[in-house]
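Asks: Fit chain B to the given chain A structure using the hints.
Number of protein chains: 2
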Amino acid sequence: MKISKLVAERTKDTPSDAKMRSHILMLRAGYMKQVANGIYTLTALGQKTALNIENIIRNEMNSLEGQEVKFPVVMPKELWDLSGRYSSIGSEMLRFVDRTNHPMLLGMTHEEAAVHLAKNWVTSYTQLPFMIYQIQTKFRDEPRSRAGLIRVREFVMKDAYSFHMTQSDLEDYYYKVHEAYERIYKKIGLKNFISVQSDSGMMGGKVAHEFMLLNENGEDRLFVCKNCGFRANQEVAECVFDENKKEDCLPLEEVFTGEAHDIEEVSNLLKADQKKCMKSVVYLKLSTKEPIVCFVRGDREINEVKLKNLLKDDISIYDTHGDDRFVAGNIGPKSFGDNIEVLFDISLKDLGNMIVGANKKDYHFKNYNLDRDFEGKINYVDISKIQVGDKCPHCKSTDIILSNGVEIGNIFQLGTKYTKSMNMLVKTNTGDEINPIMGCYGIGIGRNLACVIEENCDDNGICMPMSVAPYKVEIVPIRYDLKEISDVADNIYKSLEENNIETLIDDRDAMPGVKFSEADLIGMPIRIVVSPRTIKENMVEIKLRSSGETFMAKIEEVVGQITKTIQSSI
Amino acid sequence: MKISKLVAERTKDTPSDAKMRSHILMLRAGYMKQVANGIYTLTALGQKTALNIENIIRNEMNSLEGQEVKFPVVMPKELWDLSGRYSSIGSEMLRFVDRTNHPMLLGMTHEEAAVHLAKNWVTSYTQLPFMIYQIQTKFRDEPRSRAGLIRVREFVMKDAYSFHMTQSDLEDYYYKVHEAYERIYKKIGLKNFISVQSDSGMMGGKVAHEFMLLNENGEDRLFVCKNCGFRANQEVAECVFDENKKEDCLPLEEVFTGEAHDIEEVSNLLKADQKKCMKSVVYLKLSTKEPIVCFVRGDREINEVKLKNLLKDDISIYDTHGDDRFVAGNIGPKSFGDNIEVLFDISLKDLGNMIVGANKKDYHFKNYNLDRDFEGKINYVDISKIQVGDKCPHCKSTDIILSNGVEIGNIFQLGTKYTKSMNMLVKTNTGDEINPIMGCYGIGIGRNLACVIEENCDDNGICMPMSVAPYKVEIVPIRYDLKEISDVADNIYKSLEENNIETLIDDRDAMPGVKFSEADLIGMPIRIVVSPRTIKENMVEIKLRSSGETFMAKIEEVVGQITKTIQSSI
Numbered sequence: 015m016k017i018s019k020l021v022a023e024r025t026k027d028t029p030s031d032a033k034m035r036s037h038i039l040m041l042r043a044g045y046m047k048q049v050a051n052g053i054y055t056l057t058a059l060g061q062k063t064a065l066n067i068e069n070i071i072r073n074e075m076n077s078l079e080g081q082e083v084k085f086p087v088v089m090p091k092e093l094w095d096l097s098g099r100y101s102s103i104g105s106e107m108l109r110f111v112d113r114t115n116h117p118m119l120l121g122m123t124h125e126e127a128a129v130h131l132a133k134n135w136v137t138s139y140t141q142l143p144f145m146i147y148q149i150q151t152k153f154r155d156e157p158r159s160r161a162g163l164i165r166v167r168e169f170v171m172k173d174a175y176s177f178h179m180t181q182s183d184l185e186d187y188y189y190k191v192h193e194a195y196e197r198i199y200k201k202i203g204l205k206n207f208i209s210v211q212s213d214s215g216m217m218g219g220k221v222a223h224e225f226m227l228l229n230e231n232g233e234d235r236l237f238v239c240k241n242c243g244f245r246a247n248q249e250v251a252e253c254v255f256d257e258n259k260k261e262d263c264l265p266l267e268e269v270f271t272g273e274a275h276d277i278e279e280v281s282n283l284l285k286a287d288q289k290k291c292m293k294s295v296v297y298l299k300l301s302t303k304e305p306i307v308c309f310v311r312g313d314r315e316i317n318e319v320k321l322k323n324l325l326k327d328d329i330s331i332y333d334t335h336g337d338d339r340f341v342a343g344n345i346g347p348k349s350f351g352d353n354i355e356v357l358f359d360i361s362l363k364d365l366g367n368m369i370v371g372a373n374k375k376d377y378h379f380k381n382y383n384l385d386r387d388f389e390g391k392i393n394y395v396d397i398s399k400i401q402v403g404d405k406c407p408h409c410k411s412t413d414i415i416l417s418n419g420v421e422i423g424n425i426f427q428l429g430t431k432y433t434k435s436m437n438m439l440v441k442t443n444t445g446d447e448i449n450p451i452m453g454c455y456g457i458g459i460g461r462n463l464a465c466v467i468e469e470n471c472d473d474n475g476i477c478m479p480m481s482v483a484p485y486k487v488e489i490v491p492i493r494y495d496l497k498e499i500s501d502v503a504d505n506i507y508k509s510l511e512e513n514n515i516e517t518l519i520d521d522r523d524a525m526p527g528v529k530f531s532e533a534d535l536i537g538m539p540i541r542i543v544v545s546p547r548t549i550k551e552n553m554v555e556i557k558l559r560s561s562g563e564t565f566m567a568k569i570e571e572v573v574g575q576i577t578k579t580i581q582s583s584i
Numbered sequence: 015m016k017i018s019k020l021v022a023e024r025t026k027d028t029p030s031d032a033k034m035r036s037h038i039l040m041l042r043a044g045y046m047k048q049v050a051n052g053i054y055t056l057t058a059l060g061q062k063t064a065l066n067i068e069n070i071i072r073n074e075m076n077s078l079e080g081q082e083v084k085f086p087v088v089m090p091k092e093l094w095d096l097s098g099r100y101s102s103i104g105s106e107m108l109r110f111v112d113r114t115n116h117p118m119l120l121g122m123t124h125e126e127a128a129v130h131l132a133k134n135w136v137t138s139y140t141q142l143p144f145m146i147y148q149i150q151t152k153f154r155d156e157p158r159s160r161a162g163l164i165r166v167r168e169f170v171m172k173d174a175y176s177f178h179m180t181q182s183d184l185e186d187y188y189y190k191v192h193e194a195y196e197r198i199y200k201k202i203g204l205k206n207f208i209s210v211q212s213d214s215g216m217m218g219g220k221v222a223h224e225f226m227l228l229n230e231n232g233e234d235r236l237f238v239c240k241n242c243g244f245r246a247n248q249e250v251a252e253c254v255f256d257e258n259k260k261e262d263c264l265p266l267e268e269v270f271t272g273e274a275h276d277i278e279e280v281s282n283l284l285k286a287d288q289k290k291c292m293k294s295v296v297y298l299k300l301s302t303k304e305p306i307v308c309f310v311r312g313d314r315e316i317n318e319v320k321l322k323n324l325l326k327d328d329i330s331i332y333d334t335h336g337d338d339r340f341v342a343g344n345i346g347p348k349s350f351g352d353n354i355e356v357l358f359d360i361s362l363k364d365l366g367n368m369i370v371g372a373n374k375k376d377y378h379f380k381n382y383n384l385d386r387d388f389e390g391k392i393n394y395v396d397i398s399k400i401q402v403g404d405k406c407p408h409c410k411s412t413d414i415i416l417s418n419g420v421e422i423g424n425i426f427q428l429g430t431k432y433t434k435s436m437n438m439l440v441k442t443n444t445g446d447e448i449n450p451i452m453g454c455y456g457i458g459i460g461r462n463l464a465c466v467i468e469e470n471c472d473d474n475g476i477c478m479p480m481s482v483a484p485y486k487v488e489i490v491p492i493r494y495d496l497k498e499i500s501d502v503a504d505n506i507y508k509s510l511e512e513n514n515i516e517t518l519i520d521d522r523d524a525m526p527g528v529k530f531s532e533a534d535l536i537g538m539p540i541r542i543v544v545s546p547r548t549i550k551e552n553m554v555e556i557k558l559r560s561s562g563e564t565f566m567a568k569i570e571e572v573v574g575q576i577t578k579t580i581q582s583s584i
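These protein sequence lines map, in sequence, to chains A and B.
Those letters in the first sequence? Residues 15 to 584, by our numbering.
Those letters in the second sequence? Residues 15 to 584, by our numbering.
Everything hinted at is true.
Just so you know, same-sequence chains aren't split out, so a pair can sit in one copy or run between any two.
Dumping the calculated PhoX-like pairs for lysine-lysine here, alpha-carbon to alpha-carbon at most 25 Å:
hint	residue 1	residue 2
1	K91	K152
2	K200	K240
3	K550	K568
4	K508	K190
5	K19	K434
6	K190	K200
7	K550	K508
8	K19	K441
9	K568	K557
10	K26	K441
11	K431	K19
12	K529	K557
In case anyone wonders, no lab produced these hints; they're calculated from the structure.
Extracted from the complex, chain A is given alone in its bound form (with noise of 0.2 Å):
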């Protein structure tokens, strides 16, 4: 491809709140242009990028005994309404009716056309285990879309949907996956990554993994224990804490705390410790739109997603002003009446002596003890979110850190939840029925690029792997207006296209300094310089933009060393 005719429009404007590298090069380098919203548009440099991407994909999930198949982007309401994903999925899911007024979706997932393309199909346990996936373009309506393509509206997405006849079959496939996920991730030149224990979130089932790029700019909040190797996403980290040593209970004492309503101020006002406050936070329950109300120790948090997962349900804060069951700034530890659930973390076992809110307007009580002072059961549950200096769940060693992860992909043990509301049944060699039991596996191709950008870039701009580069080769002609020097250049351009090499050739006039900046901004990973100096001597120069390494090559042996170059770093 000639750069003078390829349609990437290399630009220093950049979004002022672009803070990726990922972002901000492929904007810089031609790579992507913005639509609207979240919305981009691939150029060639994007687009071949991300076909490599979905190849070596592809050849892992045919590994697996994958079928690759294609589900509709746009699915009826009824089939979703078999799973109650069409009322339960918010407002993200793109909904709209077709010209006969039928209320139609834009696929984010594809668990129920999997079951609907397999259910008829399958009848007896011989069948099982299989695997379906495709690659394919998916939308979902973004608030927040950012980062270019790390969180956008419209994505290219391989999904893939396993059926197993049991819990260990799933299992043992599952972590064929895992390692498939592995072994795609370094292969398109990624190195950072981990992988965590996550939510399971809208999709159902229970054990789930993320596959996470360690990047200060990534979205979420991951959990690594140094010691075990254990790791999980914040949101959903198991707390543990040490037992707390039983004092000795002191009066039960009223206090005085006027405006100060917060942990920060009543700490402050009283001259305690947080770790001596107790912290009251109100939900609201979706479904039964009554408040909840939890407590935790004062210099912890709530996890809402935990919260979310123990109740199975959706909740929302709920503000207690005008509530006259409640005190709002001064709630503390009582039944509140019988429809309203009362919540105890973990952290609060057995401490002993602590300040909580009196229920009475401008007062806190000094001293309350749960075991002493509170009527009715105590319902103690791990809804508070892990911090440094907390113990790893699995090793209690407390040499954990937090980092910041973008994810790059998940896999989930989903169970019976689609196959049994779509009804799916398989006949097992006794004769019985059973519905199976589903996994799901999810890679975003355009997330993957902009993450193969982001570990793969210096100052100067993009150093694409070998693996998924769009060209291998970019040709720096110095003066192609000298014949003798674009006959080379062109001469070693046919050659290397000839032999299937992808090549790119600056055949613009242009200052070999514009050239040569570009040529590192798009970042091909071998550039050949033709130029007059060393044509003399019959010779180019290569470089290569990862290592910088340089080396002079007869220019009838260029295709020769260019195709070794290649073989050896794939």
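Replies: Leaving out everything else, chain B in the frame of chain A:
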């Protein structure tokens, strides 16, 4: 792939209205499954075939220096407002608002997106010509989806856009794409196709061709001259008439015709040839909301596409009942008022002594002569449909045929409609700025897949061409339960897969008859039968699905034989 695991529901149930063989066979053989009206999931059989077709198209596009990009499916209204198409396209375009109430649409075609991508990049004539293309899912809210993948609502399409400095450069490129399309169709296994001049419809521009598969169930009606090869869609084919001999004008005569209103009734009543009658059809122009009166020879029909193109406006049939400017059933030539246009088809030119409506209830005129009796300017235009027996507009032969066809691709010379409306400017070599001239080129993947099957099947099922077959070989072991059989079959399977020859193996415990008939149905090009009888002689039977040719091969020579067979048939 083991057939026991291949998710592909083979069924005898096909929709009762399914007429096209491809529709019936793709359902029966499990190439696809319907999800909603005009929306299908492709199984591995369907999707692998589609991917093979995509790659053949991709290679041809790349050979024309096409750059593969990816435009978004979802686009904002503003982009389509620039070209005016947001309002000019009807309800087949799906529109919706996103969560911020912003109007969006699902793209059916991407001229605006192509100009958006290239517009800021291009500045100088040295960057042209160039072509960008994508292979992407599209949605068209089709009112009458039919015939399986032939007319659907969701489909994958290759759409390409070229940009040129001059009309002659566009034309050169346009005909190169024309040739590439012919190569694509031949490569994927289509034989019976032609290209015809077509209406450029909503795309704008003038010259356009449709590639048509001649097929009795096709929706399009094609005109082909057997003498000179000229061909066109019946919708746009120019009509050519012999000069009519001038007759002596007879005296105008008013005759009572009572309830006889249409041409058949009037010609029967007056015992006249329909060719001697003048037919009137009244339309309403969309932009002016005024009627327009068209006259045509009694034996011919108005071609509404030609009329729309002539008027550069949309039209609908106008009911003249209740409009006192017209006498419904007795309309004849006259002036109907300042705002009402009157058009005469060229079939009427120089015809004398005609029967026409008298614009008076229950009466017609005999011996009406336009030259003598019509007051005002006579506006002859070409607005009738070409018919069998008409002359070829090119060579004037009457040896023409009309055939049904399925559109399998189209190419358009777009002109500057989009570059002008979106203000894309390029400097010429003299420093002037012009709007580049565009071409656009589309092929629907799914429809071509259906057409491949339409042309490559017999009474027993599909005969997949080697070039696009999802698997090249199916191994049919007889008595797979016998170890000596499964060993041989599995070994051949393994060797073929190791040689990158994608293979199906029927590993089921089923009757040979079932295996053979299903192998015929799904139609892989090569079948290998491993049977107890032949393996005694160290042989297997190889059968070619398409020709029925059968030969024996030594077990150790199978892979070599198959490789040779595949190479000789691609």
